[in-house]
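K.L.:
Chains as they are written, first to last, in our numbering: chain A, 23 to 384; chain B, 23 to 384; chain C, 23 to 384.
Warning: the hint list may mix true and false statements.
The list makes no distinction among identical chains, and a pair is therefore deemed to hold if it is satisfied within one copy or across any two copies.
[Stated by the list, open to error] Capping the alpha-carbon separation at 30 Å, the derived lysine-lysine pairs in BS3-like fashion look like this:
| hint | residue 1 | residue 2 |
| --- | --- | --- |
| 1 | LYS233 | LYS376 |
| 2 | LYS350 | LYS233 |
| 3 | LYS67 | LYS233 |
The hints are simulated quantities; they were obtained by calculation from the structure and are not laboratory data.
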Amino acid sequence: MVHSIADIARALGLQAEGALDLIVTRVAEPAAATPEALALAMDPKYAEGLSNGQARAAILWPGADWRAFGLEAAIFAPRPRWAMAGVSQVMDPGYEFGVGVHPMAYIDPTAQVAEGARIGPFATVGAHSQIGPGARIGANASIAEDVVIGADLTLHAGARIAARCVIGERFIGQPNSVVGGCGFSFVTPEPSAAEDVRATLSGTREIRQQKWQRINSLGAVRIGDDVELGANSSIDRGTVRDTVIGSGSKIDSLCQIGHNVQMGEDCMMCGMAGIAGSARIGNRVLLAGKSAVNDNIFVGDDVIVGGAARVFTNVPSGRAILGDPATKIETQLEIRKALRRLPRLAATVAELQKAIRGQKDS
Amino acid sequence: MVHSIADIARALGLQAEGALDLIVTRVAEPAAATPEALALAMDPKYAEGLSNGQARAAILWPGADWRAFGLEAAIFAPRPRWAMAGVSQVMDPGYEFGVGVHPMAYIDPTAQVAEGARIGPFATVGAHSQIGPGARIGANASIAEDVVIGADLTLHAGARIAARCVIGERFIGQPNSVVGGCGFSFVTPEPSAAEDVRATLSGTREIRQQKWQRINSLGAVRIGDDVELGANSSIDRGTVRDTVIGSGSKIDSLCQIGHNVQMGEDCMMCGMAGIAGSARIGNRVLLAGKSAVNDNIFVGDDVIVGGAARVFTNVPSGRAILGDPATKIETQLEIRKALRRLPRLAATVAELQKAIRGQKDS
Amino acid sequence: MVHSIADIARALGLQAEGALDLIVTRVAEPAAATPEALALAMDPKYAEGLSNGQARAAILWPGADWRAFGLEAAIFAPRPRWAMAGVSQVMDPGYEFGVGVHPMAYIDPTAQVAEGARIGPFATVGAHSQIGPGARIGANASIAEDVVIGADLTLHAGARIAARCVIGERFIGQPNSVVGGCGFSFVTPEPSAAEDVRATLSGTREIRQQKWQRINSLGAVRIGDDVELGANSSIDRGTVRDTVIGSGSKIDSLCQIGHNVQMGEDCMMCGMAGIAGSARIGNRVLLAGKSAVNDNIFVGDDVIVGGAARVFTNVPSGRAILGDPATKIETQLEIRKALRRLPRLAATVAELQKAIRGQKDS
Numbered sequence: 023m024v025h026s027i028a029d030i031a032r033a034l035g036l037q038a039e040g041a042l043d044l045i046v047t048r049v050a051e052p053a054a055a056t057p058e059a060l061a062l063a064m065d066p067k068y069a070e071g072l073s074n075g076q077a078r079a080a081i082l083w084p085g086a087d088w089r090a091f092g093l094e095a096a097i098f099a100p101r102p103r104w105a106m107a108g109v110s111q112v113m114d115p116g117y118e119f120g121v122g123v124h125p126m127a128y129i130d131p132t133a134q135v136a137e138g139a140r141i142g143p144f145a146t147v148g149a150h151s152q153i154g155p156g157a158r159i160g161a162n163a164s165i166a167e168d169v170v171i172g173a174d175l176t177l178h179a180g181a182r183i184a185a186r187c188v189i190g191e192r193f194i195g196q197p198n199s200v201v202g203g204c205g206f207s208f209v210t211p212e213p214s215a216a217e218d219v220r221a222t223l224s225g226t227r228e229i230r231q232q233k234w235q236r237i238n239s240l241g242a243v244r245i246g247d248d249v250e251l252g253a254n255s256s257i258d259r260g261t262v263r264d265t266v267i268g269s270g271s272k273i274d275s276l277c278q279i280g281h282n283v284q285m286g287e288d289c290m291m292c293g294m295a296g297i298a299g300s301a302r303i304g305n306r307v308l309l310a311g312k313s314a315v316n317d318n319i320f321v322g323d324d325v326i327v328g329g330a331a332r333v334f335t336n337v338p339s340g341r342a343i344l345g346d347p348a349t350k351i352e353t354q355l356e357i358r359k360a361l362r363r364l365p366r367l368a369a370t371v372a373e374l375q376k377a378i379r380g381q382k383d384s
Numbered sequence: 023m024v025h026s027i028a029d030i031a032r033a034l035g036l037q038a039e040g041a042l043d044l045i046v047t048r049v050a051e052p053a054a055a056t057p058e059a060l061a062l063a064m065d066p067k068y069a070e071g072l073s074n075g076q077a078r079a080a081i082l083w084p085g086a087d088w089r090a091f092g093l094e095a096a097i098f099a100p101r102p103r104w105a106m107a108g109v110s111q112v113m114d115p116g117y118e119f120g121v122g123v124h125p126m127a128y129i130d131p132t133a134q135v136a137e138g139a140r141i142g143p144f145a146t147v148g149a150h151s152q153i154g155p156g157a158r159i160g161a162n163a164s165i166a167e168d169v170v171i172g173a174d175l176t177l178h179a180g181a182r183i184a185a186r187c188v189i190g191e192r193f194i195g196q197p198n199s200v201v202g203g204c205g206f207s208f209v210t211p212e213p214s215a216a217e218d219v220r221a222t223l224s225g226t227r228e229i230r231q232q233k234w235q236r237i238n239s240l241g242a243v244r245i246g247d248d249v250e251l252g253a254n255s256s257i258d259r260g261t262v263r264d265t266v267i268g269s270g271s272k273i274d275s276l277c278q279i280g281h282n283v284q285m286g287e288d289c290m291m292c293g294m295a296g297i298a299g300s301a302r303i304g305n306r307v308l309l310a311g312k313s314a315v316n317d318n319i320f321v322g323d324d325v326i327v328g329g330a331a332r333v334f335t336n337v338p339s340g341r342a343i344l345g346d347p348a349t350k351i352e353t354q355l356e357i358r359k360a361l362r363r364l365p366r367l368a369a370t371v372a373e374l375q376k377a378i379r380g381q382k383d384s
Numbered sequence: 023m024v025h026s027i028a029d030i031a032r033a034l035g036l037q038a039e040g041a042l043d044l045i046v047t048r049v050a051e052p053a054a055a056t057p058e059a060l061a062l063a064m065d066p067k068y069a070e071g072l073s074n075g076q077a078r079a080a081i082l083w084p085g086a087d088w089r090a091f092g093l094e095a096a097i098f099a100p101r102p103r104w105a106m107a108g109v110s111q112v113m114d115p116g117y118e119f120g121v122g123v124h125p126m127a128y129i130d131p132t133a134q135v136a137e138g139a140r141i142g143p144f145a146t147v148g149a150h151s152q153i154g155p156g157a158r159i160g161a162n163a164s165i166a167e168d169v170v171i172g173a174d175l176t177l178h179a180g181a182r183i184a185a186r187c188v189i190g191e192r193f194i195g196q197p198n199s200v201v202g203g204c205g206f207s208f209v210t211p212e213p214s215a216a217e218d219v220r221a222t223l224s225g226t227r228e229i230r231q232q233k234w235q236r237i238n239s240l241g242a243v244r245i246g247d248d249v250e251l252g253a254n255s256s257i258d259r260g261t262v263r264d265t266v267i268g269s270g271s272k273i274d275s276l277c278q279i280g281h282n283v284q285m286g287e288d289c290m291m292c293g294m295a296g297i298a299g300s301a302r303i304g305n306r307v308l309l310a311g312k313s314a315v316n317d318n319i320f321v322g323d324d325v326i327v328g329g330a331a332r333v334f335t336n337v338p339s340g341r342a343i344l345g346d347p348a349t350k351i352e353t354q355l356e357i358r359k360a361l362r363r364l365p366r367l368a369a370t371v372a373e374l375q376k377a378i379r380g381q382k383d384s
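Chain A with its partners taken away, still in its complex shape (with noise of 0.2 Å):
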């Protein structure tokens, strides 16, 4: 990836100064930074970095003294992040998928696969699948019968999307992800204990030895356009209607998604989080690490949902949540700060008991 200060500046869309036509083939943190790479300091507390790396190019913040820095040149970035974005994407060296479909490929005959297609080897499209222009699917990945994919799909290594699932466009399959398997769903023919249990939250219950029912899953996972799935994770199918990825959703490394949850768009769901079974999932819903939804709850849009926390009722739109169970963030933190002092406390009453004890006696 070979540019210039001014080409990454105008892709960026943001200000640059000195040697506009200086050529970086790289970027680097400021200490590691060769001459010919771009050393991405965005905030005052990397510059430190720039005297011991040897950069002649650098993204600062905005009134940086960049010359100061014994820099030739320098890009001017208000939010780094966003710069961020912008610069991995101009110097992303990209992924190789081969020229064309590889021989060692299996494409049904009945598949249809649009023009512009790279396709790795051992890869697999099954029967009366369509695949959109522009597909890219690595080596061992492989796409079951009647699927449906749009444009520009990138299915990495080892990825899995199973029958008559329908995703739409540029969606990114990460290496053994899984869009499709079955529901978990199962019944026994009289209620069983963990019914009892969940409808009189206790531990009193008839004991019954029954066998698991199969319930099977005629429905299928229907994904909206730019959605990314994480390396091993996994988007379970319906039950009757389909599991259902709004638009613009990005889902982190060992997620789990279970049957018929319906999730909206623009959520962001983070390393090893899950959704149980017929959870519906609002818009711009943030799930941290960890975090967990119960089945068949309802959390509304924008909200968020902290580092490990247990969603086991509804939550209504807007709001922030924490704990197990979770409660209100600020309601949470106070909980939490009370359970540190809760063995002082303990000690306190002990005394207070006392005390009053004392009083009786005298």
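For chain A, the structure is supplied; the task is to place chains B and C on it using the hints.
P.N.:
For chains B and C alone, kept in the frame of chain A given last:
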């Protein structure tokens, strides 16, 4: 899947009324039902949808006035989810595994695959493995050497069965699931810091710089009949004896079962639950989503472990537990109630302290 | 694996007595031992099993009276798990990776695979990748382009190594593990609601409807020597610098390591643990099962993170922590004890309140 109402009712063992020869080709939620769909409205709360949809036939609750919903035929289901299990099997379009063994599959010459197998492209069966009749093996799935699997295996795309594992009949492995990865077992020459902490429950200990030595897994995984393993889930092999999963047990997506675990029959392990090494789990145990059982723990028959609960101590049969660390569900709900009130309790104690101090001063 | 007692004792560096030329072909738990098995009974609590089994030889604790158990030979192990490590290596039947490169594997013509490689069907090695001597690569595993891997690689079925990752010697990748999925890094044009909440620790904020812009991962993953990665686990690549895993670190199944993480040497990360983006983990850190480290956190050398603990703040070297949020283990155990007594404490406070009120009224 084209069926008459009479056929479906008979298959489900349920009563039907009206135009029993009416033909349906799929199931649908009431509001989404087209004329050829069988609407699923087993609870009165879904009845309203029937007026919005175009269903001519539905499965309803016993005693429902089907004519009033404009239907031509109805089936009556006293236990909705049980009926759902039946109808989902009758109406399932199923998955495409091709016809016979795909020319691009690799079956080792010493492997024995019984009659009726359907095996997809780039699937593999290793040396000396024996696969029972009726196997369906998806694209890119792999079975290693010396594996024995009973009849009617369903192994979806990318699922892995490692060497020497033994699996009963009707096993279902969802995409990218793994049976028989190595156990996670390491040891240091001298006792490690972690061993000290576990022994003393104190953070104080000697720091030693040691390398981990690997304990190889000489055991494999032994699985009974009618077991299902979810997408991206994993069952590790045993150290000396095999890891064992009893017949009828169902394991959801992104679950982890450690080395040497002994799980009984008809258990249910929901999404993202984990069982650490050498734990023993009884029969009909239910592990809710994201719950975890510590290593070497014993969990008795019919125990119900609530969502995200952490089991650090043995659990007697029949108990329902919740929380981190898990306690009886009733105890935990009491603790949680008290916890919500904890900030107020702290304030009350502060007032009492003041009142007492006031008394002393006066 | 056919060995004499003398051979095994010598390999383990342990003392043996009795018929040292006795031949064993496998190891077994005492009660399950057949005459050709070496029984493992390194602790007196397993001794009873010896009478039930048919073992002629066993590994016992030092000083055990082996003749009294009817044995013909015995090896004595002062540290049982250490002996287990040795015996598990001597007696391991190992895994079948075939002979040479399978005709159905795909090695890119520009890749360099050193001598002694055994590569299974449908495995791939991408353009310009360099694989050291003695590699064992399972069926359907894939290595992308520009990867560099040291000697004695073991990559099990379906494991993935993405582009430009660099890995040392003796790496073990369990089935369906992933090295080098993209980092999960997105940004909105204006500060997002989540940024507001993190800054203020309050749920109150402006709701903005914004799209996520992707930050591509320009870095890769760099892994030292003797690292193991468990089934369905994932290590994400870095944004600018590489994600780094130090030599000797062991990672269990279903773990997730986010972009930019720097993990030191000889760490142990147990099942379902997660480390969020840009966290720095020292040497010899132990992360117990289901524990989690928040993004950008620093965890010092020799820290022990207890089961399911959530690390939200930096941790100084040598500390043992537990809980959500994690605190020193001693503090957490005190909190937990107080928590169990909390309902009673609340009742006590209510009584005190009544008593004080009674005093005032009288």
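K.L.:
Hint by hint, note whether the structure agrees.
P.N.:
Hint check results:
1. LYS233 - LYS376: Neither way: LYS233 and LYS376 sit 57 Å apart in one copy and 53 Å across, limit 30 Å.
2. LYS350 - LYS233: between (40 Å within a copy, 25 Å between copies)
3. LYS67 - LYS233: The answer is between: 28 Å across copies meets 30 Å, while 62 Å in one copy does not.
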